[in-house]
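Engineer: Required output: the full structure, derived from the provided sequences and hints.
Letter by letter, the chains look like this.
Protein chains: 2
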Amino acid sequence: MPFQIQTVSARLVFLSSVLAPYAAAQPPARPATPNDTLVSPEALAGNRVAFRIYAPKADAVTLRGDFMEGPGAMNLEKDASGVWSAIAGPLVPDFYSYSFNVDGVKTIDPKNALVKQGIGSLDNMFHVPGDEAAFEDNKPVPHGEIRMVWYRSSTLDAMRRMHVYTPPGYDGGSARYPVFYLLHGGGDEDSGWSSIGRAGFIIDNLLAGNKAKPMIVVMPNGSMPRPPNTPPGPGPGAALAQEKFASELVKDVIPYVEKHYRALAGGANRALAGLSMGGGQTLRVGLTNPDMFAYLGVWSAGVNPRTNPDFEKRSAAFLENPEKTNKSVKLFWIGVGANDTLANAGSKHLVELLKQRGIRHEYHESPGGHTWINWRRYLNDFALRLFR
Amino acid sequence: MPFQIQTVSARLVFLSSVLAPYAAAQPPARPATPNDTLVSPEALAGNRVAFRIYAPKADAVTLRGDFMEGPGAMNLEKDASGVWSAIAGPLVPDFYSYSFNVDGVKTIDPKNALVKQGIGSLDNMFHVPGDEAAFEDNKPVPHGEIRMVWYRSSTLDAMRRMHVYTPPGYDGGSARYPVFYLLHGGGDEDSGWSSIGRAGFIIDNLLAGNKAKPMIVVMPNGSMPRPPNTPPGPGPGAALAQEKFASELVKDVIPYVEKHYRALAGGANRALAGLSMGGGQTLRVGLTNPDMFAYLGVWSAGVNPRTNPDFEKRSAAFLENPEKTNKSVKLFWIGVGANDTLANAGSKHLVELLKQRGIRHEYHESPGGHTWINWRRYLNDFALRLFR
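Quick mapping for you: the protein sequence lines, in order, are chains P and B.
Each residue of the first sequence is one higher than the one before, starting from 31 at the first, in my numbering.
Each residue of the second sequence is one higher than the one before, starting from 31 at the first, in my numbering.
Keep in mind that a hint or two might mislead.
A pair holds if it fits inside one copy or across any two, identical chains being indistinguishable in the list.
Below, in silico cross-link-like pairs of lysine-lysine (DSS-like), each with a Cα-Cα straight-line distance of 25 Å or less [what the hints assert, rightly or not]:
no.	residue 1	residue 2
1	K169	K289
2	K274	K241
3	K108	K87
4	K360	K243
5	K357	K343
6	K136	K146
7	K385	K357
8	K169	K274
9	K360	K241
10	K378	K360
11	K169	K281
12	K136	K108
13	K281	K136
14	K169	K241
15	K87	K136
16	K360	K108
17	K169	K343
Hint data in this document are derived by calculation from the structure and do not stem from the laboratory.
The structure displayed is predicted, hence computed values, not measured ones.
Structural biologist: Below you can see the structure in the form of structure tokens.
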């Protein structure tokens, strides 16, 4: 096999095989099915991948993966034993996500427990190793720790979780570190950057190659409850939820981090970046608090003047003092995919606005769309520029 | 609503609602389906819970949850809109797991992203709050941190992950702590005790109530790759995998922990416990290293003399010196469910053996079966006895 994918056995097989020496009873036998020995996903030669699911009664099975550009899904074909399958690739080495749809119901691959968890969604993941994925691989280099941290949110009057990366050597040392606040997108939560985002491995590899400054990376939960009695969709409810996140970050998360970790204080030691919804949150928090972060990253997000008419007014302190802003903000890094139909136009509008106002920034247009394939690379390219 | 369950919206709704102010384009519209507004699971009065899944083309949908005793599954009924549903309860307040089966395929509830992840399985979870679940709730008390830690395993010649709980006040302090090594069961991995096992919350609550000694809790990955060319099921392959875990724990995990954390050394400051496969591992490691752990917990596991004939010989140093063993082992806590058909007889055989050999121990038989409902309570009852 050209590369390895985590494969599994049925829970029953595990139980009977590992528990037998210690138990007096065995699970009841049941008839064998093709599902028992099914492997999915399976690595094939030439960076191709086979997907399979046992669904003998289903009428239609499709697959949607983030390696597919544009809308639409891949059809699986059924064999006589009730197994549906399809082959994708060749794929560029990377981490990818996918899910099945069985007769209209989104279904996780029952043979692949490698999942990316959102607040309202699950997707499977798989890895195609190779040079292009080396920056995000789990290598035998010193690793930082990723901590799941519960804190009291005064904004929400509730316990709230964040993920915090501390660099190798943090424990037992006495050095203080700059802090990078890294935000996920809509529908995700604070685990996203550590699972499909591979943030820990990306920073580990940069540090091992002496390509980045040691830093703490704080990954809060940006999905805020919408106020009750607001209609779904864009509008006042969404805006209020984003305002709540601004309060959560500034009044709860940053003070907690600077109290409980060996963090360097001051704007020059803080970075803020996010993707999609998190890019919007970066604009909302970063541009209304112009001295708080010296490094800003806005990825697959921007400004839509039609649905966000207050943006310029809200960001006046940042936009209307370009000399001051250009002194305090050392890097304003905007990235978007050329095929990102959600955010490409908004990103370009943001760039245009910054140009008009004389605010220094960088615009990076990559291939691809609104996917983690881009966001992991933006993180890599942004992180190595921080705190210099 | 008498209690809260995490509910979700479709990913598309999130994207359009949160990204609209920052993007110029909208996702394409699609026809509404009953799935868009479906809630599952939903809390009903009287600690009952409704489960629902939209599967208009399916012929049969069933549900299996760990709140159901014995074999068998619950049938869901289909309404005219294609939504299948069933109601469970009343349930004792607790955390529970379940999954659907749609036309023969195990299916995660698409509306519930709260999942328990195994090496080869996923199950949904839900929470029924109440007095009986208070010991495992996420309360506004000081919380320890749970760290995901990658280390180099010499046993496997690979990077390996464990979860490590550090108690409130660990960071920034200088105290050293005793260490509790806590093992999961077959099919699970190192995240299990922190997700469905609620270990962090259970220890947090014990510490907040001054009912336990502050401790580090180390939760390694006990699922070892089976040696190649061994047949599946019990036999030499399974035994070799368990031997590998013994090496992993003694030669890799414990030295790493005692080097990288402020751990107190010596057997009196080490505890070891595990459930099911982890109970077998506890017997294998603890009884062949009689001075290494002063506290042993064997939960839903035991000894089957027919399939494990070498047990007594392997454990001779522990079994044949009762005076020495009774001096070094302060607590040997055996727990099993009265309805645990996998492990009840094996547990009783273990107790019989210890009695014959004059080894001090405690036997706790609880109601219920081979489920996390029991294991969380065993953890609570065991942890408060440690390091006294």
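Engineer: Confirm or reject each hint.
Structural biologist: We went through each hint and held it up to the structure:
| no. | hint | result |
| --- | --- | --- |
| 1 | K169 - K289 | between (32 Å within a copy, 21 Å between copies) |
| 2 | K274 - K241 | neither (35 Å within a copy, 37 Å between copies) |
| 3 | K108 - K87 | both (10 Å within a copy, 17 Å between copies) |
| 4 | K360 - K243 | within (15 Å within a copy, 48 Å between copies) |
| 5 | K357 - K343 | within (21 Å within a copy, 74 Å between copies) |
| 6 | K136 - K146 | both (14 Å within a copy, 18 Å between copies) |
| 7 | K385 - K357 | within (16 Å within a copy, 77 Å between copies) |
| 8 | K169 - K274 | between (38 Å within a copy, 22 Å between copies) |
| 9 | K360 - K241 | within (18 Å within a copy, 51 Å between copies) |
| 10 | K378 - K360 | within (20 Å within a copy, 68 Å between copies) |
| 11 | K169 - K281 | between (37 Å within a copy, 21 Å between copies) |
| 12 | K136 - K108 | both (18 Å within a copy, 18 Å between copies) |
| 13 | K281 - K136 | neither (38 Å within a copy, 43 Å between copies) |
| 14 | K169 - K241 | within (16 Å within a copy, 41 Å between copies) |
| 15 | K87 - K136 | both (16 Å within a copy, 13 Å between copies) |
| 16 | K360 - K108 | neither (56 Å within a copy, 59 Å between copies) |
| 17 | K169 - K343 | neither (47 Å within a copy, 40 Å between copies) |
In the structure shown, a violation is registered for the earlier hints numbered 2, 13, 16 and 17, in ascending order.
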